[in-house]
Structure formats: structure tokens, C-alpha cells
Amino acid sequence: MTPPEPTDGWRSLIPPPGEARTPLALGVELRRRARADAQQWAPRPLRTATARDLVKDPGELFLGVRPLIRNAADDAWIQGDASWDAVRRRGSRFDAAQSRWFADLLSICRDSLLSGTAGDWLLLDPVSSGVLWSHLARARAERIPLVATERSTSLRWRDDLVVRASVERDEGGALLLAAEGEADGETFPAGTVHPVGEEGAYAHRVVGARIELVLGPVAVPPVLGALLNAAEPLVVPPDEQEAFFREAYPLLRRGTDLRAGRGVTLPAPPVPRPLLVLDHRRDDDAVAFRFWWDYAGYGRVGLDEPVSGRDMRDPEREALELAELVEAWTAVTPPPFAAEGVRRGADAAEFVTDVVPALETRGVAIEHVGPRRPYARLTGEPEITVSTVESTDPDWFDLGVLVRIDGRSIPFQPLFRALSLRHGKLKLVDGSWFSLRHPAFDRLKELLDEAAELAEWETGPRIARTHLALWEDFEDLAHEALPARTWRAAVAELRATDSVDPPPVPSVIRAELRPYQRDGFGRLALLWRHRLGGVLADDMGLGKTLQILALIAHAREAPAGPGHESDPPFLVVAPTSVVAVWAREAERYAPGLRVAVADRTRARRGVPLSELRRGADVVLTSYAVLRIDADEFTTEGRAPLPWSGVVLDEAQHVKNPGTRVHQAAAALSARAVYAVTGTPIENGLAELWAILSLTSPGLFPSARRFREEYIQPIEQGKVPENAEGAPYRQARIERLRHRVRPFVIRRTKELVAADLPERQEQVLRVELAPAHRARYDAVLQRERQKVLGLLPDLDRNRFIVFRSLTLLRMLSLAPGLIDPEDAPIASRKLETLVERLLELRAEGHRALVFSQFTSFLGLAQTRLSRAGLRVAYLDGATRDRDRVVQGFREGDHDVFLLSLKAGGVGLTLVEADYVFLLDPWWNPAAESQAIDRAHRIGQDRPVFAYRMIAADTIEEKVLALQQRKSRLFAAVMDDEDLFAGALTAEDIRGLLED
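Under full-length UniProt numbering, the sequence shown has 939 at position 939, and the numbering climbs by one with no breaks.
Note that these hints are calculated values from the structure, not bench results. Honestly, I wouldn't trust all of these hints.
[Claimed, not checked] Restricting the straight-line Cα-Cα distance to at most 25 Å, the calculated cross-link-like pairs of lysine-lysine (DSS-like) are:
| id | residue 1 | residue 2 |
| --- | --- | --- |
| 1 | Lys-901 | Lys-957 |
| 2 | Lys-718 | Lys-445 |
| 3 | Lys-786 | Lys-957 |
| 4 | Lys-445 | Lys-425 |
[Claimed, not checked] Here are the simulated distance ranges between beta carbons:
| id | residue 1 | residue 2 | range |
| --- | --- | --- | --- |
| 5 | Val-326 | Gly-263 | 39 to 49 Å |
| 6 | Thr-265 | Ala-97 | 53 to 63 Å |
| 7 | Asn-229 | Gly-80 | 53 to 63 Å |
| 8 | Arg-273 | Ala-243 | 16 to 26 Å |
| 9 | Ala-440 | Asn-722 | 52 to 62 Å |
| 10 | Pro-126 | Glu-327 | 36 to 46 Å |
| 11 | Ser-409 | Arg-300 | 43 to 53 Å |
From the three backbone atoms N, C-alpha and C, an ideal C-beta is built for every residue, glycine too.
Given only the sequences and the hints, what does the whole structure look like? Please build it.
Shown next as C-alpha cells:
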């Protein structure tokens with residue numbers, strides 16, 4: 001391969017040497033045009049001014065410039081061929097930087113070019129551009145000298161050129177105004193100094209036969225330029241001197257160095273003072289304002305009018321005064337500052353009573369136009385009185401709020417409207433006004449927002465009977481609270497639940513209630529007396545069913561009042577598998593209650609509900625039947641079907657407001673609704689709202705408001721911009737606890753620790769077999785890539801995502817659950833279970849085994865039976881549930897296999913003292929309920945629970961997720977200070993990532 005020809009490389013960046021560049025200079029010449037005479041039409045050409053011209057008749061003088069080159073013969077500067085076109089052309093023989101300088105000068109002065117022919121002069125006198133003199137000063141940096149074109153003229157550039165004005169009085173009393181220049185100690189009288197724009201000048205004088213020309217930058221305002229251009233001093237006659245000092249003197253004084261001559265004492269220049277003019281002549285609810293600069297004795301100008309430089313104004317002093325004015329403004333009213341505007345209503349009142357006096361104190365002059373209004377600020381402490389009045393709706397009270405400030409009563413409707421619109425103040429019809437930024441109004445607005453949405457109040461504010469805790473907050477805020485009589489009784493008793501004696505246990509109850517059960521029954525009875533529902537959220541095994549039966553018996557013994565001797569029955573709704581348990585418990589503990597069971601749909605039952613209800617104290621049904629036959633339970637003819645009370649057992653079944661079963665429960669007509677569940681929060685706070693919307697309607701205004709007020713800050717960490725995250729979330733959860741506390745009865749097993757045996761829980765990690773591990777890892781990589789790509793739109797892809805997660809969870813148990821061809825791959829979890837159960841049987845123990853996957857329970861049943869263990873089996877498809885349960889209780893089986901859904905509720909299996917959970921569920925409460933089948937009152941042996949987790953699989957991630965959800969439940973129900981959220985895209989990402 002032929003090597004490339006050598007090149008100069010980096011040296012090619014350097015321009016080749018050429019011939020020497022021709023230097024340039026700027027030629028400067030004083031040029032003259034004859035004065036106009038009688039024959040004005042005659043031409044008056046420009047020519048070089050001579051010393052004789054300047055002495056005899058200067059005419060009109062101009063400062064001309066043109067480019068020059070150096071003559072090689074005598075080293076003099078000559079015009080030669082250095083035309084404007086030539087010197088500014090690129091690539092010519094002239095230095096590039098000097099060419100650019102001349103080109104820029106031509107652009108600056110183009111309007112003064114006399115003709116289009118090359119070599120013509122540029123006249124600087126007409127040039128007004130502010131960059132001319134800075135450009136001329138830069139010539140020295142470009143090595144361009146400024147030289148006189150005539151040998152009889154000397155030229156000097158002086159940076160210290162000064163021009164000034166003087167005033168003196170002649171013998172006749174007239175004022176004589178003149179201007180002069182000075183440079184290097186030499187004085188140039190008026191007529192010899194000529195301004196060029198407002199930023200430079202040139203001066204000339206004659207010395208013998210020579211002309212001395214001086215030029216340089218200097219400030220020459222227009223008023224001074226007029227004096228410089230006058231050949232003689234300007235005369236101010238005595239009768240015009242007052243007008244002179246008022247109109248022209250400020251301009252001279254501010255525009256130049258003005259010196260007083262004989263017989264003259266100069267007054268101080270006018271100083272701008274801010275003036276605020278208030279115009280009260282508008283409509284009754286507004287005031288207009290405008291700021292001015294008041295130059296005392298010289299007039300006023302608008303604060304926002306630009307400075308022209310041709311008036312009396314002092315821009316520097318105005319800038320200082322304006323800065324102080326803006327500081328004074330922002331100290332008393334929010335920015336930005338406004339030079340003029342209109343204030344209306346409360347803003348006008350505040351502006352006149354607060355802002356204007358503050359500005360006046362800071363030196364602003366105030367002028368009022370039109371009659372002033374009697375604005376007055378109320379500054380006293382708000383005194384709030386809150387009352388409730390019985391309304392026609394027994395579930396609501398009319399709410400009255402009376403606010404007094406400085407002895408004046410504030411109308412409620414305009415006050416609440418101003419609070420709702422986040423106004424900062426309110427003006428009354430008499431012109432008085434007050435600030436709404438007082439903390440009492442912030443709290444009042446917050447409480448009123450909770451009481452109801454503004455759009456829902458047609459005749460006035462109302463407060464629901466369920467808002468007991470909210471009423472306490474009103475009382476804390478108010479100086480005086482006047483509740484209605486029945487309301488007062490409810491508030492007083494529910495506030496003092498610890499000191500209120502519970503009613504006697506009904507005579508039909510055949511059981512000895514433990515102290516905490518008596519307390520629960522008493523609180524339920526108190527709610528019942530005041531027509532209030534609630535949630536019995538005790539831990540599993542504390543006898544919730546017995547407490548509810550005691551409440552029902554109490555309600556049947558103490559009817560609602562006159563005319564209610566034939567009160568309708570209670571309705572108890574429970575899972576299908578639990579309906580029979582309710583019937584047995586009622587027969588066992590309250591045999592005097594008449595119980596009817598509607599555990600089949602109307603089509604299969606054959607007996608109408610109206611016939612079952614007749615004479616019954618309690619009707620038992622299932623959620624499935626309620627959902628299918630909703631009309632039969634909610635209406636009778638065209639009227640609502642009444643129930644004394646409704647009990648929703650295992651109320652987590654109605655945690656979703658969008659389901660038909662929740663809607664059917666909401667349509668039931670009852671004096672009060674009670675939810676029974678150990679887990680009112682399984683996945684998120686929305687479930688708590690769904691349950692409370694049935695038991696305590698009106699406690700929270702709407703699902704949307706509950707989401708904004710509680711779910712978003714507590715679960716999702718969303719807080720207002722001006723709030724700190726952790727304190728705000730803590731305040732939200734404290735407020736939520738405060739609101740629900742009167743309606744949620746929650747006791748944990750610590751209350752009966754002495755009555756329960758020891759309970760130990762342990763995580764048992766099981767390693768996958770090699771073949772099982774290989775299959776799991778392969779599927780994990782495939783599903784991980786798919787799911788992570790779907791997470792940005794989780795709501796749309798939720799079904800696909802959870803299908804993939806379920807696939808991985810089943811694969812963690814046994815490959816054969818996914819692909820029958822993988823059935824020969826053994827499940828080490830089952831093998832470990834067999835080993836443990838054989839050991840336990842040898843030691844005389846019995847066990848419960850739970851899984852949420854019935855297919856895996858089937859594998860377990862086959863494997864355990866093959867090992868010689870006696871196995872009982874129960875899932876949702878089991879027909880004779882009671883026979884299977886009774887067989888285990890009587891000792892016919894060593895192991896009881898149960899699906900988590902069918903066996904996690906409604907069973908007491910204290911015959912077993914070991915519990916195995918084969919796979920973790922999303923909801924930790926469901927697992928806890930499963931363990932509670934064995935660990936409850938009646939168990940006399942320690943209970944050991946094992947969570948079997950496949951190591952290094954999705955099961956470990958699910959276990960970690962459970963801990964977050966359990967903290968959410970504890971934070972709201974058990975007063976713990978931890979927060980957790982429902983299953984989110986981030987949760988799912990964490991399940992799949994390493």
C-alpha cells in the first residue's frame with residue numbers, strides 16, 4: 001500500500017506569510033459651510049475651515065473624518081486610494097482588524113455620508129448613536145491613530161474634556177446663561193464647543209495662523225447642547241425668571257455642572273417624593289390608586305412614566321426612592337409592587353386601613369379624592385360558638401356556627417364562602433373587615449370541610465350523627481358549644497366509654513362473658529342506643545360472635561321505643577361456610593333467640609324471606625345469597641324492607657365498593673349496621689372506608705375526599721407543597737384514628753394473654769432441588785422481562801401481571817403445577833412437610849396445613865397419604881363441611897389440609913397444636929386468621945406455626961411485602977407509628993428484581 005504524501009500537518013492552520021499590511025489612520029478635519037444669506041437658494045459647499053474663517057466668520061462648522069494611508073515617500077498620512085469602500089473590503093492589503101474597525105465606523109455614521117462616491121467625508125455632528133465615542137476610543141487599541149488632515153491644524157484626544165454651564169446677573173437684573181468647555185486647564189468659550197450626540201464633543205480655537213482641535217467623550221445632555229450651540233449667552237429677563245427657575249432650571253441643574261456667577265444664588269434642585277393618590281369615587285366596593293413622583297413646586301409625573309432626559313426628573317434619586325417604596329410596600333402587602341391598580345371589597349378595606357398608613361409612615365404622601373369610606377379593621381380574638389339543632393332527619397343535626405369579633409356577629413354564609421374560596425380576609429356590609437389568617441379560622445375551615453361539601457348544603461350546614469369525634473374537635477375550637485339534647489347525650493357517653501357501666505348481660509345469654517367481652521358488648525350497646533353502627537375488629541379468638549349475640553339479645557329485650565314492640569329482626573350476613581357456625585353458636589349461647597336461616601337462594605329455598613322473618617329475632621344468610629337475592633332483602637313491595645340491625649360478619653367480603661355484594665349491603669334498611677372482622681384493613685385504607693361507609697355513613701364525606709385526605713398522604717406519601725412529609729403524615733393518621741375511634745372496637749390477644757397458651761411462629765426456608773431451581777430460574781427470567789415492561793401502565797395490565805406472579809408462586813411450590821410433564825420433579829417443600837408431620841404424629845401432635853392453591857393441596861394429600869398419614873381435606877368445593885371438621889375433631893385424622901380461603905375463617909380447631917402455611921399470601925391478616933384456627937380460647941397447649949418459604953424465590957419477596965401491609969394495619973388500628981402502602985408497581989418490581 002502506497003504511503004500518503006507528507007503534508008504540513010498542523011502548520012496548515014497558520015496563514016502563509018504575505019506582503020506587509022498597509023497601515024491606516026483616521027483623518028480628522030474641521031469643515032465649514034457658509035451661512036445662509038438672502039440668496040438661500042445658492043449652493044453652500046463644505047470646505048476645509050481655516051484660521052481666518054474661524055476668526056472672521058465661522059459659518060456652520062462640522063467635524064469630518066475619512067481614512068488615510070501612510071505615504072512611503074515622506075512618511076506622511078495621505079488620502080491616496082484609501083476610500084471607504086477600499087478600506088472595509090476583506091482580503092485587501094489592509095490589516096483585517098483595522099478594516100473591520102473602519103467598516104463598523106461607516107455603519108455607525110452611514111446616515112451622515114454626503115454622497116455615494118468613494119473618498120467622501122463622514123460628518124460626525126449628526127451622529128446620535130451612543131456607541132460612536134466608545135468606537136473612536138477603541139481606535140488606539142487597533143493601532144489606528146487619529147490625525148489632522150491639515151498641517152495648520154493640531155489634534156488632541158482628551159478623555160478629561162469637560163463642558164459646563166454658568167449663570168450670572170447683568171446690571172439690568174437679567175440672567176445670562178452660557179456654556180463653555182475645558183481640557184487640560186484650557187477654557188473654550190461657547191461657540192467653540194460643539195456636541196456630537198449626547199456622549200462627546202469637540203472644541204477649537206485659533207492660535208496665530210493655526211487651529212487647535214480637541215475632541216473627546218463627555219456627557220452633553222440636550223439642554224447643555226443648546227447652550228453650547230448658542231453663539232451668545234442666552235438672556236432671561238427679570239419678568240421671566242420665575243418661569244425659568246420652575247421649568248428650565250431643574251433641567252440645567254440636573255444635566256450639567258451649573259456654576260453661579262455674580263449676583264446669583266441658585267436654589268436647591270427639586271427632589272422627587274412618592275405620592276399616593278386614592279380615588280374613592282368608584283362604586284361602593286372599590287378604591288383606585290396610583291403612585292406619582294411629586295416634584296414640589298415643579299409638578300408631578302406618573303411613577304411608571306419613562307424618564308426622557310428632557311425633563312426636570314432626577315432618575316438616580318427616583319431609583320433610590322423607588323427601592324425604599326417597594327420595600328415599604330412588600331412589608332405590608334404581598335408582592336409584586338404595582339404603580340397603579342384597583343382594590344375591591346375586603347382588599348380595598350385592608351389597603352386603606354393597613355397598607356396606606358404604613359406607607360405614610362415610611363414617607364409616602366397621601367392624597368384622597370372623593371369621600372372616604374368608614375373602613376375599620378376588627379382585630380379582636382374570634383369567639384366561636386358552635387351548636388347543633390335536631391333536624392327532621394334523625395341521622396343528621398343542623399349545625400350552627402356563630403363567630404363574634406370585637407362584639408360584632410359575623411354572618412356565617414359569607415364567612416364560610418370566603419373560607420372555602422381561600423380568601424385571606426372578609427369585609428362586612430358596614431365597611432368593617434377582619435383577617436381570615438387567624439389559626440382559629442384555619443381549623444374552622446378544616447372542620448367545616450369535613451362536615452360536608454359546600455354543594456351538599458342546600459339549606460345550611462349539617463353534621464352527621466356519626467361525627468362524634470368531629471364534634472369534639474368543634475368543641476375544642478369553640479369558646480362555647482351548644483349541642484342538641486340527644487346529641488349531647490351521645491357525645492358525653494361515647495366520650496366517657498371507660499366510665500360508662502355496661503348494661504346487664506341479657507338473660508337469654510348462656511355464657512359467662514369475660515371482662516373484655518363485657519366491655520365490647522357494653523360499647524356495642526352504647527352505639528345501639530344512639531342509633532350508631534360500628535366495627536367490632538377484635539383479634540381472632542376473642543369471642544366476637546358472642547359479643548354480637550349479646551347485643552342482639554339486648555336489643556330484643558330493650559326495643560327502640562313506643563310503637564316498636566314488634567321490631568323487625570336482625571340480619572346477620574356471613575360467608576357461606578360460616579352461616580352454620582352462627583346457627584350453632586346462637587343455639588349454644590343464646591337459645592332464647594329465634595333464629596331463621598336463609599342459606600339458599602329464593603329459587604332453591606322455596607320459602608319466601610317474608611315467611612322466614614315472621615317471628616324471628618335473627619335471620620342468617622350468606623353474602624352469596626344476599627348478592628343474588630338483593631331485592632328480596634332490601635324491598636317489600638315498593639317500600640324498603642326494615643331490619644332492626646345488620647351484622648356483616650367477616651366484613652372483608654364487602655371491602656370493595658364496586659362489587660354487587662357491597663352495593664346490596666349498602667341498600668339494606670336498618671337502624672344500625674355492625675361489621676365484624678379482625679382485619680378491617682387487608683391491603684389498604686380504602687377498605688376501611690368501604691366498611692365504615694356501611695356502618696357509619698357520613699363519617700367521611702366521600703371516597704374522593706378520603707383518598708385525598710388520608711390515603712394519599714399516609715400510603716403514598718403525597719403532602720402539600722408547604723408541609724413537611726413525616727409530620728404531615730403523622731398528623732393525618734392521628735386525625736384518622738381520632739375520627740374512627742368511637743366506631744371501631746379493637747382489642748388484641750394481649751388482653752387475654754393469660755387465657756391463651758404460648759404461640760410461636762417461625763419461617764422455614766426450603767431449598768429447591770437442582771432440577772426445580774433450573775426450571776424456576778428459566779421461567780423467572782422470561783416473566784420478569786415481560787412484567788417489568790407492563791408496569792408503567794399497571795392499571796391496564798394488572799390481570800396479566802398478576803397472572804405472571806401467580807405462575808411464579810405456583811412454580812415455587814412444584815413444577816408439576818405448571819407443566820404436567822414436570823410432575824416427576826419432586827417438591828422438596830412436600831418432602832420436608834412429610835418429614836415434619838411424621839415426627840409430630842410420633843410425638844402425639846396433630847397439625848393444620850394451609851395453602852391457597854387447591855391444586856397443591858391435592859398433591860399434598862396424595863403425598864401425605866402415601867406416607868401413611870391420615871388426612872382430612874377441606875376446600876371451597878367440599879360438600880359436607882361439618883362432617884369433615886367433626887371427623888378431625890374426634891381424632892380420625894392426623895393432618896387437616898385446608899384451603900386458605902375456605903378454612904381461614906369460621907372454624908375452631910383447637911385439637912391441632914401445629915400449623916403449616918405452605919405458601920405466603922399477599923395479605924398477612926389472612927395467614928394470621930388461619931393460625932388463629934388453632935390458637936384461640938379453648939386451646940390448652942402451645943401452638944407452633946411454620947411459614948414454609950422456598951428459598952431464593954418470589955415467596956421470600958412476598959414475605960417481606962407482608963410486613964409492610966401488617967404495619968399499615970397496626971398504624972391505624974393499633975396506634976403504631978409505621979406506614980405502608982397497598983401493592984404498587986414498585987412493590988411488584990421489587991418482587992421480580994434481584
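Exercise. Does the structure keep Lys-901 and Lys-957 at a Cα separation of 25 Å or less?
Worked result: Between Lys-901 and Lys-957 the Cα gap is close to 22 Å, so the pair holds against 25 Å.
Exercise. CB of Val-326 to CB of Gly-263, is that within 39 to 49 Å?
Worked result: For Val-326 and Gly-263 the Cβ distance comes to about 44 Å; the hint holds.
Exercise. Using the C-beta atoms of Asn-229 and Gly-80, is the stated range 53 to 63 Å upheld?
Worked result: Since the Cβ atoms of Asn-229 and Gly-80 sit about 35 Å apart, the hinted range of 53 to 63 Å is violated.
Exercise. Taken at face value, is the distance from the CA of Lys-425 to the CA of Lys-445 at most 25 Å?
Worked result: Given that 25 Å is the threshold and the Cα spacing comes to 13 Å, the pair holds.
Exercise. Holds or violated: are the alpha carbons of Lys-718 and Lys-445 at most 25 Å from each other?
Worked result: 21 Å, holds
Exercise. Quick one: are Arg-273 and Ala-243 within 16 to 26 Å, going by C-beta?
Worked result: Hint holds: Cβ distance 23 Å, inside 16 to 26 Å.
Exercise. So does Pro-126 sit 36 to 46 Å from Glu-327, Cβ to Cβ?
Worked result: 44 Å, holds
Exercise. Do the beta carbons of Ser-409 and Arg-300 sit within 43 to 53 Å of each other?
Worked result: Hint holds: Cβ distance 45 Å, inside 43 to 53 Å.
Exercise. Within 52 to 62 Å or not, the Cβ separation of Ala-440 and Asn-722?
Worked result: 19 Å, violated
Exercise. Is 53 to 63 Å a correct range for the gap between the Cβ atoms of Thr-265 and Ala-97?
Worked result: 54 Å, holds
Problem set entry | 25 Å limit on alpha-carbon distance, applied to hinted pair Lys-786 and Lys-957 | 18 Å, holds
Hint violations for this structure: numbers 7, 9, all remaining hints satisfied.
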